[in-house]
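Protein chains: 2
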Amino acid sequence: MKIIIVGGVAGGATAAARIRRNDETAEIVLVERGQYISFANCGLPYHISGIIEEREQLLVTSEEAFKERYRVDVRSRTEAIGIDRKARTMRLRNLATGDETDEPYDKLLLSPGAEPVRPKLPGIDSSRIFGLRNIPDLDRIMAHLKEHNPRRAVVIGGGFIGIEVAENLHDKGIFTTLVEGADQILTPLDYGMAAIVHSHMRDKNVELYLNDKVEQFEEKDDHTVVYLGSGRRLQADLVVLAIGVRPETTLARAANLELGSTGGIKVNGHLQTSDPDIYAVGDAIEVTQTISGQQVLIPLAGPANRQGRMAADNIIFGNSKVYRGTQGTSILKAFDLAAATTGLNEKQLNAAGIPFLSCITHSGSHASYYPGAKQISLKLLFTDKGQILGAQAVGADGADKRIDVIATAIHGNLKVEDLADLELAYAPPFGSAKDPINIAGYVATNILNGSHDMIEWKELRASLGAKDPEMQLIDVRTAEEFGFGSIPTARNIDVNHLRERLDELDPNKAVILFCQIGLRGYLAYRILTQHGFTQVRNLSGGYKSYSWAVE
Amino acid sequence: MKIIIVGGVAGGATAAARIRRNDETAEIVLVERGQYISFANCGLPYHISGIIEEREQLLVTSEEAFKERYRVDVRSRTEAIGIDRKARTMRLRNLATGDETDEPYDKLLLSPGAEPVRPKLPGIDSSRIFGLRNIPDLDRIMAHLKEHNPRRAVVIGGGFIGIEVAENLHDKGIFTTLVEGADQILTPLDYGMAAIVHSHMRDKNVELYLNDKVEQFEEKDDHTVVYLGSGRRLQADLVVLAIGVRPETTLARAANLELGSTGGIKVNGHLQTSDPDIYAVGDAIEVTQTISGQQVLIPLAGPANRQGRMAADNIIFGNSKVYRGTQGTSILKAFDLAAATTGLNEKQLNAAGIPFLSCITHSGSHASYYPGAKQISLKLLFTDKGQILGAQAVGADGADKRIDVIATAIHGNLKVEDLADLELAYAPPFGSAKDPINIAGYVATNILNGSHDMIEWKELRASLGAKDPEMQLIDVRTAEEFGFGSIPTARNIDVNHLRERLDELDPNKAVILFCQIGLRGYLAYRILTQHGFTQVRNLSGGYKSYSWAVE
Ligand SMILES: Cc1cc2nc3c(=O)[nH]c(=O)nc-3n(C[C@H](O)[C@H](O)[C@H](O)COP(=O)(O)OP(=O)(O)OC[C@H]3O[C@@H](n4cnc5c(N)ncnc54)[C@H](O)[C@@H]3O)c2cc1C
Ligand SMILES: Cc1cc2nc3c(=O)[nH]c(=O)nc-3n(C[C@H](O)[C@H](O)[C@H](O)COP(=O)(O)OP(=O)(O)OC[C@H]3O[C@@H](n4cnc5c(N)ncnc54)[C@H](O)[C@@H]3O)c2cc1C
Ligand SMILES: CC(C)(COP(=O)(O)OP(=O)(O)OC[C@H]1O[C@@H](n2cnc3c(N)ncnc32)[C@H](O)[C@@H]1OP(=O)(O)O)[C@@H](O)C(=O)NCCC(=O)NCCS
Ligand SMILES: CC(C)(COP(=O)(O)OP(=O)(O)OC[C@H]1O[C@@H](n2cnc3c(N)ncnc32)[C@H](O)[C@@H]1OP(=O)(O)O)[C@@H](O)C(=O)NCCC(=O)NCCS
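First to last, the sequence lines map onto chains A and B.
When we follow my numbering, the leftmost residue of the first sequence carries the number 76, and every step to the right adds one.
When we follow my numbering, the leftmost residue of the second sequence carries the number 76, and every step to the right adds one.
Hints are computed from structural coordinates only; laboratory data are not their basis.
In this text, a Cβ means the ideal position worked out from N, Cα and C, and glycines have one as well.
Worth double-checking, as some hints may not be accurate.
Stated by the list, open to error - Using 20 Å as the maximum straight-line C-alpha spacing, the simulated DMTMM-like pairs for lysine to aspartate or glutamate come out as follows:
| hint | chain 1 | residue 1 | chain 2 | residue 2 |
| --- | --- | --- | --- | --- |
| 1 | A | LYS490 | B | ASP493 |
| 2 | B | LYS295 | B | ASP200 |
| 3 | A | LYS509 | B | ASP388 |
Unchecked claim - Which residues of chain A face chain B? A few of them, derived with a C-beta cut under 8 Å, are:
| hint | residue |
| --- | --- |
| 4 | SER405 |
| 5 | ILE406 |
| 6 | ALA482 |
As the list claims (entries may be wrong) - Label pairs and their in silico Cβ distance ranges:
| hint | chain 1 | residue 1 | chain 2 | residue 2 | range |
| --- | --- | --- | --- | --- | --- |
| 7 | A | ARG226 | B | LEU432 | 57 to 67 Å |
| 8 | A | LYS533 | B | LEU432 | 46 to 56 Å |
| 9 | B | HIS606 | A | ALA162 | 26 to 36 Å |
| 10 | B | GLU143 | A | THR609 | 19 to 29 Å |
| 11 | A | ARG215 | B | PHE250 | 36 to 46 Å |
| 12 | B | SER137 | A | GLU575 | 14 to 24 Å |
Throw the hints in and build the complete structure from the sequences for me.
Following this line, the structure appears as C-alpha cells:
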C-alpha cells in the first residue's frame with residue numbers, strides 16, 4: 076500500500092510514524108512545503124524571549140532521524156498542488172527546483188493545518204508586520220529583533236498566540252501593546268474569568284486595548300503607525316498579527332472535496348473526506364463538538380495528534396476507529412497565571428441554545444496552611460440535570476490539573492454530583508482535603524437541589540443600575556473587610572452576627588448577599604432562608620469576581 | 076433534634092458545620108478529647124522543619140470562631156467514655172475537672188479517628204521516643220528539638236507519616252535514619268515504583284534501612300539506642316515512631332457496636348453503625364474498596380471529610396445518601412518527588428485474586444523543548460478487558476495531576492482506551508500534545524490488542540538468573556548509550572539499524588528487547604514481529620525501571 080501524507084508536522088508526522096509501526100511494508104511519502112518537518116509550533120513564541128534558548132530545540136525530530144527510524148520518504152520543500160482523484164495521483168512541486176511530478180497513491184492523508192488570517196488592510200505589507208506559524212516566520216521576527224532592537228511592539232489579537240507573543244516580547248524587554256477587537260481577550264473564557272487575566276496583564280505592564288480594531292497601517296522611516304477604530308494611533312517598531320487562523324483548504328477545494336459550513340474540510344467519523352481514499356486530520360478539518368454536537372473548528376495540537384494516529388489506523392486496518400469529536404480543552408500561560416478551559420462557555424451554550432446554570436468558586440491550589448498556595452478561580456457550567464457542560468479555571472498554580480480532571484469527568488459523562496465525590500490525591504503541598512473540584516461540585520449540587528440560589532455579577536450590576544429601592548444588598552464580611560471597600564449601596568452585617576440582627580432585614584423583600592468569595596454568603600443564605608426569607612440570592616464568586624468583572 | 080458528635084477534627088467538625096447549614100434548629104454538641112478542634116493533622120510534620128512557620132497556622136478554625144459561626148456547643152478537653160444506647164445518652168468526662176455527665180442524644184456521630192500503633196517493645200517508654208498525631212504530640216517534639224538540639228534521629232516506619240517526618244527532620248539539619256520492616260517504603264506503591272523514592276531519599280542523605288525491624292530500645296544518659304533485628308544498633312537523640320495507625324474503637328466496643336474484620340467500626344452504605352441512631356465516619360470505620368469490593372481501612376482526610384458531610388445529610392434528611400466506598404487515592408511529597416497512587420496495586424490485586432496486566436512509562440511532565448520538564452514515571456494496572464484497576468505515579472512535577480485524572484477515570488468507569496483519547500489541556504509549560512496519560516493509554520491499549528507484548532523487570536531478572544542460553548537480550552539504544560552501561564549479557568543493536576541487522580538474530584528463539592524507557596523497544600518489537608519473530612517481548616519501563624528496581 077502506498078500512502079501520501081500532506082503536511083509533516085503534528086497530524087502528518089504522527090500519522091507517518093504510526094503507519095510505519097502498523098505496517099513495515101507500507102510505502103509512505105511525507106510531503107511538506109516547508110524546510111522542516113516535526114517542529115514544535117507551540118514552542119515558537121517562547122524562543123522570542125529566549126525562554127526556549129536554542130532555535131534547534133524547536134526541531135523535535137530531524138528529517139534524517141525520521142527517515143532512518145521510520146523509513147519514510149520525506150519530501151520537504153515540496154508542495155502538493157493538485158489531486159487527480161480518478162487516477163489517484165498527486166501533483167507535487169519541488170520548491171527548490173520548480174520541478175513537478177505526479178505521484179500515485181492508494182490512500183491520501185491531508186494534514187495541511189491552518190494559516191494565519193491576514194486581512195487586506197491598507198499598509199498591511201509593511202516590513203515591520205509579522206505573523207507566526209512556522210520556523211521561517213520565527214526566523215524573520217528574530218532577525219528583526221536583532222537588527223532593529225525594537226522598543227515598542229503592537230500585537231494584534233488577544234487569542235492564545237497573540238497573548239503568548241505579547242508576553243514573550245514583554246519578557247524580551249519591549250514595551251508591548253495588545254489590541255483586541257472584542258471586549259475581552261481569550262474568547263474561550265467567559266468575560267468574568269478573562270477579566271482576571273486582563274487585570275494580571277496590566278499589572279505586568281502590558282498595555283491592553285479592548286473593543287478596538289486595527290483599520291490601517293502606515294510605514295514610516297523607522298517605525299510603523301497602527302491606526303485603530305477608536306482613533307488611537309500606536310507607533311510600533313514591530314507588529315505581530317495574530318487574529319486567528321483558518322483551515323488550509325486550497326488543495327481540498329481544488330480537488331472538489333466537500334467543505335463544511337465552517338470552512339474546514341468535512342470528514343466522517345472515520346476521518347474520511349467525501350473521497351473514501353482521502354483522509355484528513357488536524358487544523359484543516361471541521362469536527363463535531365462533543366457536547367453541542369455542532370460542527371466547529373478547534374485548531375489544537377492534541378486533537379491533531381490523536382486524529383493523525385487514528386487516521387493511520389483506519390488507513391491500514393480499514394475503518395476500525397471512530398473519532399468521537401473534540402471537547403475543546405485548552406490552556407494558556409499568561410505571565411504568572413494559567414487560564415484553562417474545557418467544554419463550552421456561556422457564549423457557545425447560548426449560541427447552541429443549551430440552557431445552563433453556573434457557579435464560580437475561588438479556592439487555594441493547596442492547603443492554606445502550607446506555604447505557596449495560590450488562588451484558583453473555577454467556573455462550572457452545567458444543566459439542571461447535573462450534566463457538566465464546561466469549566467474554566469484561572470490561577471497561578473493547579474488550574475491545569477483541575478481542568479484536566481473536569482475534562483476527564485466530561486469524557487466519562489460524570490455529573491456535578493460526581494465532582495463532589497471525586498477522590499483526589501491530597502497532601503498539604505498538592506491540594507486540600509476538600510479539593511477545589513469537590514468544592515465546585517458541592518456548590519453546583521447545592522444549586523441543583525435548591526439549597527442555594529446564586530446571582531451572577533452581570534445580573535447584580537444590572538439590578539444596581541436599575542436602582543431598585545426595595546433590594547437589600549448585604550455584605551456579610553467583617554466590618555474590617557467592609558471598610559476596605561465594598562459594592563456601592565451595600566450594608567454590612569457580619570455573617571457571624573446575622574442571627575442576632577435578622578430584624579434589620581425585611582424578609583418580604585429581595586436580599587442579595589455577598590462575601591469575599593461566596594462561602595460566607597452561602598452560610599448567610601442558609602440562615603436567612605431558614606428564617607422565613609424567600610427572595611434571597613448569593614453573589615457567585617463574591618466580591619472578588621464582582622470587582623474583577625466590573626472594575 | 077439533638078446530635079452529639081465525637082471527634083472535633085476532619086470528619087467531626089465537617090459534619091458539625093454541614094448539620095448547621097442543613098438545619099438552623101438542630102442542637103449540636105461537639106465533643107473533643109484534645110484541646111483543639113479543627114486542626115491540620117496533615118500539616119503537623121511540616122512545622123518540625125519550619126516549612127509551616129507558625130504553630131498557629133495549624134489551627135484551621137478556633138473553638139470560638141466555630142461556635143460563633145456555627146452555633147455548635149463545643150466541648151473540648153472532654154472525653155466520650157460510654158454510650159447508653161437504650162437510654163440514648165452519652166457519658167462525657169470533663170478532662171479538666173474530672174466531672175462526668177450524661178448527655179442525651181437523638182443521633183450520635185462517631186469520628187474518633189485512629190491512634191498510632193505503639194508496640195510493647197522493651198524500652199519503648201524512653202523519653203526520646205515520640206509519636207505524631209496531634210498538636211500536643213507536635214509540641215513535645217518541638218520542645219525536645221529546642222532543649223536537646225538532636226543531631227541524629229531515627230524514624231521507625233516508612234509510611235506517609237514516617238517519610239514526611241524523616242524529610243522534615245532532615246530539613247531541620249538532623250541526620251536522619253528511616254527504618255522499615257518491609258523491603259520497601261510506601262506500601263501503596265509497587266516495589267519498582269517505590270524504588271525510585273528509595274534512590275531519591277538516599278541521594279538526599281537520608282539513611283534507609285529496609286527489611287529491618289526494631290526489637291528494642293535502650294535509654295542511655297544522653298541518647299537512646301535502637302536495636303534492629305539485623306543486629307544493627309542505632310544511636311539516636313530522637314526517635315519518632317510511625318509504624319501505622321489503628322481505628323479508635325474503645326467507645327464503639329464498649330457500646331457493643333459491630334466491628335469489622337479489619338478492626339474498624341462496621342457501617343452500612345448510609346454510614347450507620349449496627350445501631351441505626353449511631354453513625355460513624357473517618358479513620359475509625361472500615362470501608363468498601365470500590366474496585367475489589369473488600370472491606371479495608373483507608374485512614375485519609377479526603378474520605379473522612381466527605382463521609383462527615385454525607386453522614387450529616389443522612390442524619391438531618393433521613394438516609395438520603397449512599398457512600399460508594401473508597402478508591403484509595405493518596406499522595407506523598409518525598410523531598411523533590413511526589414509519589415501518588417489511586418486504586419489497587421499488585422500486592423492488593425493478588426490478595427484480592429484479581430488478574431491484571433500492567434505497564435510502566437516514563438514521560439516528561441511537559442513538552443521537552445520547554446525548560447523545566449521533569450520525568451514522570453507512571454504505572455498502570457488494568458484487566459484484559461481494559462478496566463483500570465490502579466495507577467501509580469512518581470515524579471518531581473505533575474504526578475498529582477496524572478493520578479487525579481486517572482482517579483477520575485476510575486470513578487467514571489473509563490477504560491485504558493479512554494485514557495488514550497482523553498483531551499487534556501496542552502500548552503508547552505503544562506503538558507504535551509500526547510500527555511503522559513495518553514501515552515500510558517496507548518501502551519496499555521497496544522498490549523490489549525496484541526500489538527505489543529511486555530516483560531516486567533522482575534521476570535527478566537528471574538530469566539537472567541536462570542541463565543537461559545537461548546534467550547536473546549537486545550539493547551536497542553545507540554552504541555553510545557550502550558557504552559554507558561547496560562543489562563549484563565545484552566547485545567547492542569540500535570533500533571534505527573535493526574532492519575538491516577535482522578540476520579544477527581534467530582527468529583525462532585526468544586528475544587527480549589529494551590531501550591531506555593520502552594519506546595524504542597516497542598518500535599523494535601513492531602519491526603521484529605512483522606519479520607517473522609514470534610517470541611518477542613519488550614522490557615516495561617526500559618533500562619530505567621530495571622536499574623532502579625534491581626540497583
Ligand atoms: C505559534 C503557535 C502556537 C501554538 N500553541 C499551541 C498550544 O500551546 N497548544 C495547542 O494545542 N496548539 C497550539 N498551536 C496549534 C497547533 O500547533 C496546531 O493545532 C497543530 O500543529 C495542527 O496540526 P496539523 O497537522 O493540522 O497542522 P500543522 O502542524 O500546522 O502542519 C501542517 C503542515 O502542512 C504543510 N502544508 C500545508 N499545505 C501543504 C501543501 N499543499 N503541500 C505541502 N505541505 C503543506 C504546512 O507547511 C505545515 O507545516 C499553536 C500554533 C502556533 C502557530
Ligand atoms: C501527621 C499526620 C499527617 C497526615 N497527613 C495526611 C495527608 O497528607 N493526607 C491525608 O489524606 N491524610 C493525612 N493524615 C490522615 C488524616 O489526618 C486523617 O485521615 C483524618 O484526620 C481522619 O479524620 P477523623 O475525623 O476520622 O479523625 P481525626 O481527624 O483524627 O479526629 C478524631 C478526633 O477524635 C478525638 N477523639 C477520639 N476519641 C474520642 C473520645 N472518646 N472522646 C472525645 N474525643 C475523641 C481525637 O482526640 C481526635 O482529635 C495525616 C494524619 C497525621 C496524624
Ligand atoms: C474547618 C472545617 C470545620 C470546615 O468545614 P466545612 O465548613 O465543611 O468546609 P469549608 O469551610 O471548606 O466550606 C465548605 C462549604 O462551603 C460551601 N462553599 C465553599 N466555597 C463556596 C463558594 N465560593 N460559594 C458558595 N459556597 C461555597 C460548600 O458548598 C460547602 O458547603 P456544603 O457542605 O453545605 O455544601 C473542617 O474542614 C475542618 O475541621 N478542617 C480541619 C481538619 C481537617 O480536615 N484535617 C484533615 C486535613 S489536614
Ligand atoms: C515527533 C513525532 C513524529 C512523534 O510521533 P509519535 O511517534 O506518534 O509519538 P511518540 O514519539 O510520542 O511515540 C508514541 C508511540 O510510542 C509508544 N510509546 C511511548 N512510550 C512508550 C513506552 N514507554 N513503552 C512502550 N511504548 C511507548 C506509544 O504507544 C506510541 O505508539 P503507538 O502510537 O503505536 O501506540 C510527532 O509527535 C511530531 O511530529 N511532533 C512535533 C509536531 C507537533 O506535534 N506539534 C504540535 C505540538 S508542539
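Could you check the structure against the hints above and give me the numbers of any it violates, in ascending order?
11
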